[in-house]
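Work from the hints to combine the two standalone chains into their complex.
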Amino acid sequence: MSPLRQFGEYCNLLYKGVRSATEVGMYRSNLTNELVKIGYESMPIIILTGIFSGAVMTIQTSYQLQSALIPKSTIGSIVSKSMIIELAAVVSSLVLAGKVGARISTELGTMRVSEQIDALESMGFNSVSFLVIPRIIGGIIMFPVLYLAAAAFGIGGGVLAGVVSGALPASEFMEGARTFFHPADVLFGLIKATVFGYIVTSIACYKGYYATGGAEGVGTSTTRATVLGCIYVLLADLILATILL
Amino acid sequence: MIKIRNLQKSFGDNLVWSDVSFDIHDGETIAIIGRSGCGKSVLIKHFIALLYPDQGEVFIDDKEVFELPYTELRKIRQRFGVLFQGSALFDSVSTFDNVAFPLRYFTSQTEEEIRENVNNALKMVNLEGVGPKSTAELSGGMRKRVGVARAIVHEPDYIMYDEPTSGLDPQTSDEINELMMDMAENLDITSIVVTHDMHSVLKISERVAFLDQGALSWLGSLEEMKHTDYKPLVNFMKASEYQITNKSKESV
Numbered sequence: 001m002s003p004l005r006q007f008g009e010y011c012n013l014l015y016k017g018v019r020s021a022t023e024v025g026m027y028r029s030n031l032t033n034e035l036v037k038i039g040y041e042s043m044p045i046i047i048l049t050g051i052f053s054g055a056v057m058t059i060q061t062s063y064q065l066q067s068a069l070i071p072k073s074t075i076g077s078i079v080s081k082s083m084i085i086e087l088a089a090v091v092s093s094l095v096l097a098g099k100v101g102a103r104i105s106t107e108l109g110t111m112r113v114s115e116q117i118d119a120l121e122s123m124g125f126n127s128v129s130f131l132v133i134p135r136i137i138g139g140i141i142m143f144p145v146l147y148l149a150a151a152a153f154g155i156g157g158g159v160l161a162g163v164v165s166g167a168l169p170a171s172e173f174m175e176g177a178r179t180f181f182h183p184a185d186v187l188f189g190l191i192k193a194t195v196f197g198y199i200v201t202s203i204a205c206y207k208g209y210y211a212t213g214g215a216e217g218v219g220t221s222t223t224r225a226t227v228l229g230c231i232y233v234l235l236a237d238l239i240l241a242t243i244l245l
Numbered sequence: 001m002i003k004i005r006n007l008q009k010s011f012g013d014n015l016v017w018s019d020v021s022f023d024i025h026d027g028e029t030i031a032i033i034g035r036s037g038c039g040k041s042v043l044i045k046h047f048i049a050l051l052y053p054d055q056g057e058v059f060i061d062d063k064e065v066f067e068l069p070y071t072e073l074r075k076i077r078q079r080f081g082v083l084f085q086g087s088a089l090f091d092s093v094s095t096f097d098n099v100a101f102p103l104r105y106f107t108s109q110t111e112e113e114i115r116e117n118v119n120n121a122l123k124m125v126n127l128e129g130v131g132p133k134s135t136a137e138l139s140g141g142m143r144k145r146v147g148v149a150r151a152i153v154h155e156p157d158y159i160m161y162d163e164p165t166s167g168l169d170p171q172t173s174d175e176i177n178e179l180m181m182d183m184a185e186n187l188d189i190t191s192i193v194v195t196h197d198m199h200s201v202l203k204i205s206e207r208v209a210f211l212d213q214g215a216l217s218w219l220g221s222l223e224e225m226k227h228t229d230y231k232p233l234v235n236f237m238k239a240s241e242y243q244i245t246n247k248s249k250e251s252v
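Taken in sequence, the protein lines are chains A and B. Oh and the first sequence: position 104 is 104 in this note's numbering, straight run, nothing missing. Oh and the second sequence: position 151 is 151 in this note's numbering, straight run, nothing missing.
Here chain B stands alone, though its shape is the one from the complex (with noise of 0.2 Å):
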């Protein structure tokens, strides 16, 4: 279980947010919602102890991130699989060595145990075969997928998926959902999904927590969010709408 509490976190005189305080249940998949710039990424960087903030606590399974040793941090770490925004995969190596990466570095594995692992993990997000592949070969979808293997490889308690579906077409951002969806369903993880496209959150979440204005300003169930007449949530949901439905034409 991750517990955040009074959270704040600014860059220089910026704030980005203050007080936010919720919990992230076992085995959920909630959604953190909120406007490009509201701090959404930011605030998942928290969860590991990537940023630091100017106040407030983190707990993971009663553990304070910030508090932690190096040794210590590094092993609750290692319970997280994070999908990047740009899926951050490593140019440097194949598409097999990026999600082998935390098994030959954290694991006693051997190299044959190494290769049925990855090939699993790349057989669980339909990339079968890619391994050899360099990642600049793989198409926008294609590395979210091989991000999506890296991070579940070792078998984590927890995903972050940090804007799984920008700058994918509808129909790739339909299959990431899907994927999501079995990650959640298959593995019995716990998902955060930070994400502006409502098209996913109805879809996988079953909470959602809304940023606005330097707060976390909603939280609730998904469809106590369909029914919130909380004007800046509706009026983020009635913008996103439109873009779906702009979205349905394109595809047309």
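Next comes chain A alone, as it looks inside the complex (with noise of 0.2 Å):
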């Protein structure tokens, strides 16, 4: 299928989902289901991410850094301004892509291929506010939670490695991370998450959706969606630190 026409049918699966989200009594329960899944369920391996992206950037930092004309406390002011405002959102979006993004795509595409779907709009459901839009609200809501986690893990395992590595004491860390400290980070940090929530979910809902085949097909479509998740990511952040910054 051409691009162009895929990307008729990505519109137009929203479409129907933005028409459709009037009809909260209809995915209440999966939202909630959605939130634990991408949420609670993502926590570990986000915290996980956070602590060693902000120890190895640390331990990094400080090799390139190794200057005494360079106060020690500007590791922590590049450690804690590239977590907020880059690595928390993009490399944590990334691991979702394949976490989230994989799962969502599976759980739809089997239900399509084994017609699921079918059965679910033959009794009268609307299949795209039952199922898309739980996922895609869902996405929307936890990868900015998740982002923050991943941003204050990321400082703490900044923190742990500046200080087991001998680099610089925690406390000078903190003055670093502190001085060039701006909400506005913050937000630009959370507005990106955000974004990369709706790309990852979108993606990973629209491949799901129009799984074809078998067992190889919903391969296909996870594989895809996955990959066009990360893609679509790292462009989006392109653009976004273009525009906002």
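All the pointers check out, no bait thrown in.
Only pairs whose alpha carbons sit at most 20 Å apart, straight line, appear in this in silico EDC-like list of lysine to aspartate or glutamate:
| hint | chain 1 | residue 1 | chain 2 | residue 2 |
| --- | --- | --- | --- | --- |
| 1 | B | Lys133 | B | Glu111 |
| 2 | A | Lys99 | A | Glu41 |
| 3 | B | Lys123 | B | Glu185 |
| 4 | A | Lys16 | B | Glu72 |
| 5 | A | Lys16 | B | Glu67 |
| 6 | B | Lys226 | B | Asp212 |
| 7 | A | Lys37 | B | Asp91 |
| 8 | B | Lys3 | B | Asp26 |
| 9 | B | Lys75 | A | Glu23 |
| 10 | B | Lys75 | B | Glu64 |
| 11 | B | Lys63 | B | Asp23 |
| 12 | B | Lys3 | B | Glu72 |
Listing some non-contacts, in silico: residues in chain A with all C-beta distances to chain B over 12 Å:
| hint | residue |
| --- | --- |
| 13 | Leu4 |
| 14 | Pro44 |
| 15 | Phe52 |
| 16 | Ala152 |
| 17 | Gly156 |
| 18 | Val163 |
| 19 | Ser165 |
| 20 | Pro169 |
| 21 | Leu187 |
| 22 | Thr223 |
| 23 | Ile231 |
| 24 | Thr242 |
Label pairs and their computed distance ranges (CB to CB):
| hint | chain 1 | residue 1 | chain 2 | residue 2 | range |
| --- | --- | --- | --- | --- | --- |
| 25 | A | Thr223 | B | Leu187 | 42 to 52 Å |
| 26 | A | Thr22 | B | Asp97 | 24 to 34 Å |
| 27 | A | Ala152 | B | Ser36 | 51 to 61 Å |
| 28 | A | Phe52 | B | Glu128 | 51 to 61 Å |
| 29 | B | Glu128 | A | Gly219 | 30 to 40 Å |
I should point out that these hints are in silico values taken from the structure, not numbers from a laboratory. Beta carbons are placed, not taken as given, at the ideal position from N, Cα and C, and that holds for glycine.
Below is the structure:
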């Protein structure tokens, strides 16, 4: 199928979703499930990702800034700033494109090829409002929450790595972090995470909802959902950085 | 009453069938037969607009389903119960919740009433007590029965069975045939059965529609079918007869 046709199909799915977004009673219970699955169940991997990103960044920055002219607190500034405006949102979204995107695409793809979506429609359900809307709203709500966790644990990981490696004490790290902290940076990160949440979940829903064939078809749609999710997250990151910074 | 008029469907360059026209009368049991891949399941999905045709119309009690706004179409769909080929049970919920699905979302029944109706539906398909089980624990025949229970629990006017006996052993197929006959008798329901199993056709149907070579090539009563000399249908029946004989030998 041509990319233009796929884009048309994607827009059509979203249009159906927006039209049916008012049927809250239809998707309320599914939304609760999605908030738990996307948010609560992804928290451990996001915390780990944050800690390791912050720790590695601290070690690498301290390696590159070995100069008597540069105060060590600069490491804290660089690491915390990078975590807040870039790494926490992008790295966690790439991880979630794999975890959440793959799950959503596989679930919907399996439901499609086993006629469960047809069964829902035949009973009178609007399958888009029942299946797609709660997943996209779940992503839009939970990705920013996960971003905040990734940023906080990233800075924590940075402090820990600085202390353990002997690069700089915690007080100096935090002093550097505070010096260049701007609340607008967090807002920027939250906007990015919201957009990434929409991108990852909507692409996964689209690929799963229109999956064809059997197990192989579901596998293909899941792979595409994950790869496209990552590509569009990176593309959106560039566009948002250009517009908002 | 369902009226199908000049229906044509293709997927890309592949024409499935064209100019399909016939009526399905209230209360009857009609079998739609034909070789695998001739578009039987595709045809019945048009009756509730799960698929849209290239051209043609389907009327349910004089309402053209492809022209209806979604709220109206939803009401039409709720007048149908559908047993899908692979049963299409929701694997994320229990057997009970599968059957309760349409009642929970589209009726104002209390949980007590829902429990009673679901248990009645499960009782009708001889599956009392399996409600708490996961659908993964059910055998192929049991899954079909749960699919039937889910299809009838909201008391529809029409029930569509898509290959109800495919993949089942002869004895279980017979049980499903008996079940379909019970449903038709006890529920005063219009039954549409898509199958290539002539054993089922002979047992349950009153009229037969034969899809062949991209068209509805034969339509008539069961008696007319038994005496027809229309060669493609005769060949189809002979091939099925051979299969039935072999199946009987296997079961012996």
